[in-house]
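Protein chains: 2
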Amino acid sequence: MEKCNVAICGCGTVGGGLLQLIRRNNGIPQNAGVGINITHVVDVRLDELEKDPLMEGIILTSDLNQPINDPEVDIIVELIGGIETAGEVIENALEAGKDVVTANKALLAERADELFQLARQHNVSIGFEASVGGGIPIIAAMRDSFVGETINSIFGIVNGTCNYILTQMTQEGISYEDGIAEAQEKGYAEADPTLDVEGHDSAHKLAILARMAFGINVKAKDIYCEGISDLAPIDIIYADSLGYRLKLLAIGAKKKDGIELQVHPALLDKSHPLSDVNGSVNAVCVHGEAVGEVTLTGLGAGAEPTASAVLSDICRIARKTYQKDFLQLPMFSNVQDIRLLPQGTATMKYYFRLSCLDTAGVLARVAGVLGKHNISIASCIQKGEAHQQHGHVPVVFMTHKVKEKNMLKALKEINELECIRGGESRMLRVTEI
Amino acid sequence: MEKCNVAICGCGTVGGGLLQLIRRNNGIPQNAGVGINITHVVDVRLDELEKDPLMEGIILTSDLNQPINDPEVDIIVELIGGIETAGEVIENALEAGKDVVTANKALLAERADELFQLARQHNVSIGFEASVGGGIPIIAAMRDSFVGETINSIFGIVNGTCNYILTQMTQEGISYEDGIAEAQEKGYAEADPTLDVEGHDSAHKLAILARMAFGINVKAKDIYCEGISDLAPIDIIYADSLGYRLKLLAIGAKKKDGIELQVHPALLDKSHPLSDVNGSVNAVCVHGEAVGEVTLTGLGAGAEPTASAVLSDICRIARKTYQKDFLQLPMFSNVQDIRLLPQGTATMKYYFRLSCLDTAGVLARVAGVLGKHNISIASCIQKGEAHQQHGHVPVVFMTHKVKEKNMLKALKEINELECIRGGESRMLRVTEI
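Heads up: the sequence lines are chains A and B, in that order.
So in the numbering used here, the last spot in the first sequence is 451, and the numbers never skip.
So in the numbering used here, the last spot in the second sequence is 451, and the numbers never skip.
The shape of chain A in the complex, shown without the other chains (with noise of 0.2 Å):
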């Protein structure tokens, strides 16, 4: 049987994952027909590592060019994260020849295009199954799978932190604050877990799913986005009232005049499928022309499934298969001059919560500025007590579809009014694909 050399950069959770789901199979993945040789494990950690039984018979160095430098290794396996070593890791292997499997979605976000021609000058290529969805197998089906399709729309729950929180929110009742703390607790969040519940991570693996989807070049700090560390539970309680569930959506939608991409907090309707994904769980719902929707569902990250989707890449590049589909399909080279749509174009429903003070005529100020505006009201609803808020109580209004530019100049007319307290306000969009 074929043997491949494998040098993993990176021995962290995923790292150790994949080592010990290569052991566990004797070297050769059950349904691979081809084995893998780990040859070197490079990490800054040597001291425990030595001591750790799976290193038995791997190089262990703190040397990155080691691997690179061995004509013997094949595959470089890039799991250190960040940008800069990663990327310098990355573009070393590629110039030396060897095909590069990799679980770094915040570099890819960046530099993918850059990486990807790198890759067809060397005649070599790039697997990043594992940089979205963790062990969902989304990038393998939106390039194998759905190749006579036209995307209409690509849109998901790919981040397992904030959806953890947010059903913790939803099912217990708990503030943001105490969903942070216990997603941390559970290993679920990082210590500083900015990058996850300000929406970056979505936005990372949006920029990756929309190259695929749409073919367009796009970095993620230009994708609209927006996280979920400012929602409050009552917004959820109304949501739920009103027939949705609070998810943070990256989407993807193909409109007459460019791309759509943005990431947020999305009320959903409860009949959606996506409204059930709960808990760490990802799911990504793909729509097109022919096939209609598909959606993939399963563990968006963790130790082994990450491992798992690292694994699926290295098999086909050690069959030597992997590297053809890279190098021939479009969506790794001909990127086109897509139009991303600038954000507030699209048009929606919204959900909006006031503060109002509780007397005669509020209600009518508020619908006389919508009507300015073109808002049309679905329904408005009032649940609380005056005389908890000092005198304001929450207000909800659902709308018709209105354009966001309309709709947030309207909600400034509105917080501006003295009998709203706009500082309390909030305003969240419906997501109806």
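These are computed hints drawn from the structure, not numbers from a lab.
Wrong hints could be hidden among the right ones.
[To be verified] Below are the DSS-like pairs computed for lysine-lysine, each with C-alpha atoms no more than 25 Å apart in a straight line:
id: 1; chain 1: A; residue 1: Lys338; chain 2: B; residue 2: Lys342
id: 2; chain 1: A; residue 1: Lys342; chain 2: B; residue 2: Lys272
id: 3; chain 1: B; residue 1: Lys430; chain 2: B; residue 2: Lys419
id: 4; chain 1: A; residue 1: Lys21; chain 2: B; residue 2: Lys338
id: 5; chain 1: A; residue 1: Lys272; chain 2: A; residue 2: Lys390
id: 6; chain 1: A; residue 1: Lys21; chain 2: A; residue 2: Lys288
id: 7; chain 1: B; residue 1: Lys421; chain 2: B; residue 2: Lys272
id: 8; chain 1: A; residue 1: Lys288; chain 2: B; residue 2: Lys288
id: 9; chain 1: B; residue 1: Lys274; chain 2: B; residue 2: Lys430
id: 10; chain 1: A; residue 1: Lys342; chain 2: B; residue 2: Lys338
id: 11; chain 1: A; residue 1: Lys338; chain 2: B; residue 2: Lys21
id: 12; chain 1: A; residue 1: Lys237; chain 2: A; residue 2: Lys273
id: 13; chain 1: A; residue 1: Lys288; chain 2: A; residue 2: Lys419
id: 14; chain 1: B; residue 1: Lys21; chain 2: A; residue 2: Lys342
id: 15; chain 1: A; residue 1: Lys338; chain 2: B; residue 2: Lys338
id: 16; chain 1: B; residue 1: Lys342; chain 2: A; residue 2: Lys21
Fit chain B to the given chain A structure using the hints.
Below, chain B without anything else, positioned relative to chain A:
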């Protein structure tokens, strides 16, 4: 760009959808990186096809050997269906050194081992993504993505006709007979729906999935199979009140001593994601040791979704990357001598409904028989009214986990009690995966 010559044998619903899909893409599927050239369409209904503008530039023939004997043809797409002719076409194509793409689950469930071997002998491949789950990329996921996994179970809703009928029975409260009539009217069921409603089509698909998941060489006829044609709305209503939905499931599970494969209607807890898969939608859950549970959901049938799956195989064969995977992957050759566990050895919970004489002491007699067979009752409900049933009332029991053998023995004894109308008893399995 490389061009690949493809002949379509059988131009019915899926064949027509495929032609349309390729034409819509101007012969170069968007993400394929390769050109597709339809050279032949073989069908018996030439008169109709000759008038179709889609056929321009394509050789129309009723002679199945014409494309097989044409050295210019690279791929034979078999969309004839059935066993005899389709089997011959595939054999002849493989022997002529041509790759084959097929959607024929009945044929693969019967002859996969032999046809895969023939393909290997001639150094060509068979693509069959469209044979299970329509446009859902479950075959690709099993083949390429879950390579390092030990698959513990694979189960799902793989027949859209049955799922449509069960959904209508559940949501509209209609009978099976009205459900099938409606499904036929809407084109979801054939004039003779036996293959679908008796579960055979699901068994065909399960045989294919089990081969990929467990490496077991099994024919559909050896899989225990129960359909939906004798289901009564009353059991759907009782199941609902107990927190369950009724679904026709195809279930494969790895046990210590072998593999369990079954197709039958099952009560699924409403919290299970498959319980919300409604209408003609299909869904497959795979549980791998590393990746955890991954669920793929989408349209399981229809011209375009199925054509989309066929096209994904065509494109990977045209790029010449599928052949090596097919020839190298152990799931296509090293099927192992794994034991198919006999029906009745599984341990699970059961639902059963009895028609009991409404007098004192009846429940005690039923409980006595259950106790004798070590079956303990989790709950028991009675909702019917005696006078409507001429002195008999329906009583529903839910058991704790028990071996099916014991359950059947107990039910046989219970049905013989003079206070029970044995012919009206109904037993259903409760699936907890």
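Against the structure, the hints:
| no. | hint | verdict |
| --- | --- | --- |
| 1 | A:Lys338 x B:Lys342 | holds, 8 Å |
| 2 | A:Lys342 x B:Lys272 | violated, 35 Å |
| 3 | B:Lys430 x B:Lys419 | holds, 18 Å |
| 4 | A:Lys21 x B:Lys338 | holds, 22 Å |
| 5 | A:Lys272 x A:Lys390 | violated, 30 Å |
| 6 | A:Lys21 x A:Lys288 | violated, 49 Å |
| 7 | B:Lys421 x B:Lys272 | holds, 17 Å |
| 8 | A:Lys288 x B:Lys288 | holds, 14 Å |
| 9 | B:Lys274 x B:Lys430 | violated, 29 Å |
| 10 | A:Lys342 x B:Lys338 | holds, 8 Å |
| 11 | A:Lys338 x B:Lys21 | holds, 22 Å |
| 12 | A:Lys237 x A:Lys273 | holds, 19 Å |
| 13 | A:Lys288 x A:Lys419 | holds, 19 Å |
| 14 | B:Lys21 x A:Lys342 | holds, 16 Å |
| 15 | A:Lys338 x B:Lys338 | holds, 11 Å |
| 16 | B:Lys342 x A:Lys21 | holds, 16 Å |
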